[in-house]
Amino acid sequence: ILNVEQSPQSLHVQEGDSTNFTCSFPSSNFYALHWYRWETAKSPEALFVMTLNGDEKKKGRISATLNTKEGYSYLYIKGSQPEDSATYLCAFPANRDDKIIFGKGTRLHILP
Amino acid sequence: DSGVTQTPKHLITATGQRVTLRCSPRSGDLSVYWYQQSLDQGLQFLIQYYNGEERAKGNILERFSAQQFPDLHSELNLSSLELGDSALYFCASSRGGGQSYNEQFFGPGTRLTVL
Numbered sequence: 394i395l396n397v398e399q400s401p402q403s404l405h406v407q408e409g410d411s412t413n414f415t416c417s418f419p420s421s422n423f424y425a426l427h428w429y430r431w432e433t434a435k436s437p438e439a440l441f442v443m444t445l446n447g448d449e450k451k452k453g454r455i456s457a458t459l460n461t462k463e464g465y466s467y468l469y470i471k472g473s474q475p476e477d478s479a480t481y482l483c484a485f486p487a488n489r490d491d492k493i494i495f496g497k498g499t500r501l502h503i504l505p
Numbered sequence: 099d100s101g102v103t104q105t106p107k108h109l110i111t112a113t114g115q116r117v118t119l120r121c122s123p124r125s126g127d128l129s130v131y132w133y134q135q136s137l138d139q140g141l142q143f144l145i146q147y148y149n150g151e152e153r154a155k156g157n158i159l160e161r162f163s164a165q166q167f168p169d170l171h172s173e174l175n176l177s178s179l180e181l182g183d184s185a186l187y188f189c190a191s192s193r194g195g196g197q198s199y200n201e202q203f204f205g206p207g208t209r210l211t212v213l
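Sequences listed follow chains A and B, in order.
The first sequence begins at 394 in the working numbering and counts up one residue at a time.
The second sequence begins at 99 in the working numbering and counts up one residue at a time.
Hints in this document: simulated from the structure, not taken from any laboratory.
It is possible that part of the hints are untrue.
Under 10 Å between C-beta atoms, here's a sample of chain A residues computed to sit facing chain B [as the list claims (entries may be wrong)]:
1) 431
2) 436
3) 438
4) 441
5) 484
Far from chain B, by Cβ distances over 10 Å, these chain A residues were calculated [as the list claims (entries may be wrong)]:
6) 413
7) 427
8) 479
Ideal placement from N, C-alpha and C gives every residue a C-beta, glycine not left out.
One chain only, chain A, in its complex shape (with noise of 0.2 Å):
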């Protein structure tokens, strides 16, 4: 059974820092990475479709690098502000064109 490990499962960040997280997957049949913000009371949003070793995205204060031959990503948080409150979550494609298995998130809660 493919796994896909997020930590910390929670996070309080003061506001104004910076803050990261991780989402582990199976090295082995890599194709993609995703990542998603899922802000309460409403629904996933994408954030980055990653899918070269080495990849780095960034997104205003949001980046996210990925290392596919040890099987992790990070979420990079710059500064953060109180709209970054969300819960972020990674998600992994099984195979190339079957079921994608999603991480149970970090929440992320900023403090003012």
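Got chain A; can you put chain B on it based on the hints?
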């Protein structure tokens, strides 16, 4: 607003009943995905349709079925409902059929409560 619509927003029904959840994908998207999110569970992939055909199957129970119509909207049918089926059901859509490379756009979800 992702452009994906789902109806109804909320549904309350009794055990043993049957319900239908509806999803309209973003304009131009050919794939529709269904997910279930129960308490303390992550998003569980149920099934994917691409251009009217079943493309991938996840942890979908035999009591559940889905289809995608020629206009690309999709319906998820849940029958013989049990208390444990209470969950938030999301539909998502993407341009292409491959789950690997296509980002998914999620609808607002349907909250199903089985009493």
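Going through the hints against the structure:
1. 431: Since the shortest Cβ distance to chain B is 9 Å, the answer is holds.
2. 436: holds, 4 Å
3. 438: holds, 7 Å
4. 441: holds, 8 Å
5. 484: Holds, because the Cβ-Cβ distance from residue 484 (chain A) to chain B comes to roughly 8 Å (cut-off 10 Å).
6. 413: Consistent with the label, residue 413 (chain A) stays out of reach of chain B, its closest Cβ about 20 Å off (over 10 Å).
7. 427: violated, 7 Å
8. 479: Per Cβ check, residue 479 (chain A) is outside 10 Å of chain B; nearest 13 Å; holds.
Against the hints set out earlier in the document, a violation occurs for number 7 only.
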